[in-house]
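**Q** With these hints in hand, go ahead and build the complete structure from the sequences.
Chains as they are written, first to last, in this note's numbering: chain A, 1 to 590; chain B, 1 to 341; chain C, 1 to 337.
In short, the hints are calculated from the structure, not lab data.
By construction, the Cβ of each residue, glycine as well, lies at the ideal position given by its N, Cα and C atoms.
A few of these clues could be false.
[Stated by the list, open to error] DSSO-like, lysine-lysine: derived pairs with alpha carbons at most 27 angstroms apart:
(1) LYS184(A) with LYS61(C)
(2) LYS186(A) with LYS126(A)
(3) LYS186(A) with LYS56(C)
(4) LYS252(C) with LYS89(B)
[As the list claims (entries may be wrong)] Sample of chain B residues at the chain C side, in silico, Cβ under 10 angstroms:
(5) LEU56
(6) ARG84
(7) MET91
(8) THR107
(9) ALA115
(10) ILE118
(11) PRO151
(12) PHE154
(13) SER155
(14) SER169
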Amino acid sequence: MQKTTRLGVAALSAVLALGLAACGGGSTTTPTSSGAPAAAGSTGEFNGALTAVVNPSDKKGGILKLANAGDWDSLDPGDTYYGYSWNFIRLYGRSLVMFKSAPGKTGNELTPDLAEGLGTPSDDAKTWTYKLKAGIKFEDGTPVTSKDVKYGVERSFDKEVFPDGYTYFNDFLNWPKDYKGAYKSKDVNTDSAIETPDDQTIVFHLKQPLSNFDYFAQLPATIPVPKDKDTGAKYKEHVISTGPYKFDKNEIGKGFTLVRNDQWDPATDPNRKALPDGYDVATNVNADDIDNRVLAGDLDVDVTGTGVQPAALGRILPDPAVKAGTDNPTGTRLWYTSINGNVAPLDNLECRKAVEYAADKTALQTAWGGEFAGGQIATSLLPPSIPGHEDFNTWVPGADNKGDVTKAKEALTACGQPNGFETNIAYRAERPKEKAAAEALQQSLGRVGIKLTLKPFPQTDYFALYAGKPGYAKDNKLGLAMNGWQSDWPDGFGFLQQIVDSRVIRDTGGSSNISVRDPEVDKLIDQAMEQTDPNSRNGIWTQIDKKVMDDAYILPNVWAKALLVRSKNATNVFVNDAYGMYDYLGMGVK
Amino acid sequence: MSFLELKDLRVHFPTDDGLVKSVDGLSFALERGKTLGIVGESGSGKSVTSLGILGLHKGGRAKLGGEIWLDGEELVGASAEHVRTLRGKKMAMIFQDPLSAMHPFYTVGSQIIEAYRIHNDVSKKVARKHAIDMLGRVGIPQPDRRVDSYPHEFSGGMRQRAMIAMALSCDPELLIADEPTTALDVTVQAQILDLMRDLQRDFNAALIIITHDLGVVAELADDILVMYGGKCIEYGTAEDIFERPEHPYTWGLLGSMPRLDRDRTERLLPIKGSPPSLINVPAGCAFHPRCTFEDRTGGKASTEVPQLVETEGGHLVRCHLPRDTRRSIWETEIKPSLEAS
Amino acid sequence: MVTYIIRRLIWSVVMLSIVSIITFAIFFLVPRLAGATSEDLAARYVGRTASAEQVKVAAEKLGFNDPLVVQYGRFAKGIVVGADYDYGPGVERCPAPCFGYSFLTRLPVWPDLLDRLPVTISLALGAAVIWVIAGVATGVLSALKRGSFFDRAAMSIALAGVSMPIFFTGMVSLVLFSYGLKITVAGGTYTPFLTNPATWAYDLLLPWITLAFLYAAGYARLTRAGMLETMNEDYIRTARAKGLRERTVVVKHGLRGALTPILTIFGLDLGLLLGGAVLTESTYSLPGIGKYAIDAIGRQDLPQVMGVTLVAAFFVVVANLVVDLLYAVVDPRVRLV
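**A** This is the structure:
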């Protein structure tokens with residue numbers, strides 16, 4: 001009797017285990033749609049929202065529900081640095097100019113928001129003037145003046161109160177000496193940097209010419225802040241709105257809600273439709289839970305826009321019905337490998353060419369997460385969505401992208417290392433994908449005799465102390481270093497300047513540019529900075545891209561892609577190339 | 001019929017290794033006011049018998065056979081629930097080790113109160129008064145203070161008194177004491193035995209004392225029943241057993257008692273061998289492997305189970321040795337060695 | 001007894017102080033032993049675009065150049081009397097106990113902790129009630145019916161409960177019950193008790209059950225083992241001999257005897273859980289201090305992590321003390337010395 005009961009128990013346990021495994025949630029590859037019932041109304045096709053509007057509608061009303069797996073760095077316009085935050089902030093703030101709320105490439109175009117038109121530069125491109133529209137008010141009815149815009153920029157200067165923001169205005173405007181920002185230099189006259197001759201006019205004075213200052217003007221720091229309501233580091237608890245929505249409840253760390261701002265005048269704002277009645281945003285929600293909820297239709301948007309978790313991938317890709325409700329945009333991020341010319345024998349162009357030819361790019365793509373979650377194989381620097389991008393492939397790694405061993409070996413012979421050579425490859429220890437990519441390179445380069453030794457470093461000091469510090473890199477033979485870059489805005493300057501300008505490389509370390517040292521490239525950059533005509537300017541960036549590739553200082557891996565799930569309840573769903581994710585301004589509720 | 005009468009009681013336990021016959025056909029009778037001493041080694045079936053009388057085997061794995069008559073009611077066939085109502089009220093038990101037999105987390109008072117209130121519908125206050133009375137009755141000083149003490153706060157003797165108080169709290173008519181003094185010092189033993197004698201007289205209870213210690217039964221018992229291997233092998237009055245024992249096992253028990261009036265250099269006369277397995281009881285007479293005189297039974301000891309037979313006036317013996325042989329062995333061999341000093 | 005309590009309380013305070021010193025050392029001493037400079041420590045507080053100059057200023061301002069004892073003293077002082085922090089246009093008082101303020105969120109830590117504590121307490125206490133009742137009841141029944149189908153089935157399910165991690169059972173439950181059948185709420189939903197007790201309970205139903213499942217298993221086994229032992233004790237036989245109903249014997253005498261180890265484990269489990277039910281809160285996106293801790297760790301927000309560590313330590317120390325006191329209450333043989 002004992003034996004049969006034991007068998008019975010074993011059988012029971014087995015059945016239990018199988019039953020639980022069959023229930024959804026696992027990353028099995030068998031197409032199972034249990035757990036995520038095919039929600040009603042999933043229209044469109046795969047990538048349908050990349051260049052077109054899915055579920056177009058003008059219907060007003062409803063609450064849009066969003067969730068964030070982490071938390072905003074800050075809701076304060078002077079202290080936020082994430083693309084999704086800049087995307088979202090347009091709901092409660094209006095900057096001087098903004099990216100158009102339109103699908104695909106149109107989203108890259110700048111259009112005036114607070115201002116009547118795009119900026120007017122002086123001849124030397126060191127002074128930029130904007131004229132504000134009339135009739136724009138804060139949520140309490142106070143009219144917005146140019147002084148409020150100036151104040152917004154001045155307060156963002158203080159990096160102690162606002163440590164997370166960017167320093168573009170700090171670095172490029174002509175601030176008075178020893179200026180410490182609006183709080184610590186309260187009574188200092190900052191007219192040398194920003195002038196407000198009248199309530200509708202604002203003038204920016206730069207230290208050097210900048211042809212693309214409009215991109216600065218779209219930064220959230222130009223969102224007006226009323227000085228008498230400014231509470232510094234606490235302002236993010238209730239940001240005073242100039243947009244179609246204002247804050248209702250805000251519990252930092254848990255979430256917030258937006259409701260309609262009755263002081264927003266649609267007549268002054270052709271850019272925003274303001275369809276929903278409000279927004280419900282939850283923060284610090286479990287990432288896998290977010291995916292499950294969006295797939296089930298319980299949630300509308302995963303607000304960070306970085307793509308689904310691996311578990312959800314397993315449910316989406318094999319099931320055509322579910323896949324039809326997703327989009328796979330390519331963002332403005334490039335994952336690449338720096339080839340350091342300071343480390344022999346990579347000082348020789350031919351040896352660098354060998355690295356470019358030998359690399360198996362499909363293996364790299366797999367290491368980065370594959371075709372959908374990793375990225376598109378990159379053949380140059382500028383991602384496809386950035387103006388100035390051209391499709392070219394300087395060092396073709398074979399017809400199948402798995403590497404051209406023959407050409408690699410030829411290059412090795414030409415640089416005097418016919419049997420290959422040894423060097424080290426650096427990567428950030430906390431990033432498993434970087435490690436995987438480094439290992440893929442190790443394998444593919446090993447085929448032609450280039451022996452790589454993997455060297456992990458902590459990510460906090462990667463640039464400051466190790467791979468990014470010229471002395472250290474040279475002494476420790478870091479010939480290759482894994483790297484990545486995302487532009488702050490979609491133009492050549494935003495993307496390329498920090499990674500190909502040799503003048504940003506400091507002996508004290510810290511720059512993202514590890515390997516590109518070409519005085520001709522530097523000259524081209526200066527030219528681009530002065531060229532105020534966008535088309536010509538973009539042409540120069542294309543030249544720069546080609547020149548750096550010719551120099552073989554960079555081995556591009558992939559342009560990052562994310563797999564996004566479309567909301568089942570939202571209207572006007574489309575990807576905005578400027579942010580590489582769904583545009584949060586245009587969405588409405590069914 | 002007597003107040004308590006057992007007729008051929010059998011308590012068998014089926015186990016994986018076989019059927020354990022703890023009690024295999026036991027009969028005796030007992031009147032109120034009288035004391036029966038049940039004597040035997042460990043494993044002879046003494047405790048199992050007492051638990052059987054109390055009905056504590058019901059609901060377990062034991063198989064009961066035979067009859068137990070208590071004041072005219074038959075208990076083996078009675079329902080477990082009915083027997084439960086009798087427990088504590090009509091019949092009560094005093095256990096061997098009062099420290100482990102009482103719940104360590106409850107005060108002595110509360111345990112007595114609990115015992116009392118099961119069978120008497122009274123308030124806590126009344127029950128508490130009764131508990132204090134009982135504690136005084138059994139000779140515990142300052143009972144109104146000690147009623148709130150925990151078992152571990154008593155000395156061994158006091159603890160056993162408390163246990164007795166608990167057993168007597170509902171005026172039981174049958175009291176069974178299972179090795180009541182084994183866990184106590186010799187000096188305390190005497191006090192407890194005196195107490196029990198007094199209480200029995202006061203309550204007019206029928207008392208069964210179960211022990212392996214002949215000294216104890218010598219004090220208290222009117223009748224003595226010697227058990228071996230689940231059976232009664234000798235039964236008689238105290239005088240019969242001590243003056244005229246007729247079973248070799250009883251002789252062995254008497255001989256193995258250390259006595260102060262004997263010379264210390266005299267060796268004890270232990271019974272050779274060890275108690276029998278109750279699963280594989282020796283064939284024939286259960287005692288025969290250990291019996292010095294089995295060769296005088298003419299081979300019957302190992303083949304035939306001896307019957308319990310009256311030897312004289314209520315004195316029963318279960319042995320193959322002829323009566324005369326037994327008596328002569330007693331007079332000539334055993335008795336002198338016991339009295340040697 | 002009173003002297004014992006006082007002595008333990010004093011020792012608890014000492015214990016917590018030691019914990020705070022160790023925590024402080026881990027965050028501010030160990031990195032230095034590994035070669036970090038004041039600037040390296042300050043770099044975590046200043047955001048990614050700070051220049052070397054700004055980092056140096058921050059290091060000075062944050063006091064990283066002061067001797068460690070002074071730094072700890074400042075920290076301890078903050079807990080006792082509070083501190084000030086400069087939020088730009090003005091200076092704000094961070095009242096005692098001031099566990100510091102997070103340089104990443106620019107908010108003081110203690111109000112956050114206070115805000116989140118009710119969530120963790122709700123989760124822990126609710127689950128505790130369920131798992132104790134379910135676990136002990138199952139354990140008692142299993143012990144009484146040892147060897148029966150119920151016993152074996154119960155112990156097998158118990159094994160499953162202990163083996164399956166909460167992030168698995170939690171995720172599956174959410175997908176099945178919340179998004180599939182729609183009979184429970186979505187992850188992240190929490191209503192404070194005072195706002196609406198009924199909704200509060202309904203929101204926490206799924207987390208309570210999955211968390212309780214994990215613990216009930218252990219308690220069932222523990223109770224079963226304890227009961228099997230106590231039911232063999234002599235005092236059980238005495239209780240029956242007194243004529244008590246079997247149910248009374250089992251509960252009042254048997255279970256009471258088996259209670260002590262269960263109580264001990266319960267106290268410790270609850271103490272640890274109050275310090276943050278990290279996995280459960282992460283799985284269900286509940287804004288408790290466990291989730292707070294994990295988010296803070298991910299962001300390397302040291303003041304927040306320190307705050308949670310001290311709160312968790314507090315609960316564990318208190319739990320230990322309570323358990324020891326209860327021990328004496330439950331078992332009168334225990335003498336508190």
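**Q** Run every hint past the structure and note whether it holds.
**A** Taking the hints in turn, this is what the structure says about them:
| no. | hint | result |
| --- | --- | --- |
| 1 | LYS184(A) with LYS61(C) | holds (15 angstroms) |
| 2 | LYS186(A) with LYS126(A) | holds (25 angstroms) |
| 3 | LYS186(A) with LYS56(C) | holds (23 angstroms) |
| 4 | LYS252(C) with LYS89(B) | holds (20 angstroms) |
| 5 | LEU56 | holds (6 angstroms) |
| 6 | ARG84 | holds (6 angstroms) |
| 7 | MET91 | holds (9 angstroms) |
| 8 | THR107 | holds (8 angstroms) |
| 9 | ALA115 | holds (5 angstroms) |
| 10 | ILE118 | holds (5 angstroms) |
| 11 | PRO151 | holds (9 angstroms) |
| 12 | PHE154 | violated (12 angstroms) |
| 13 | SER155 | violated (15 angstroms) |
| 14 | SER169 | holds (9 angstroms) |
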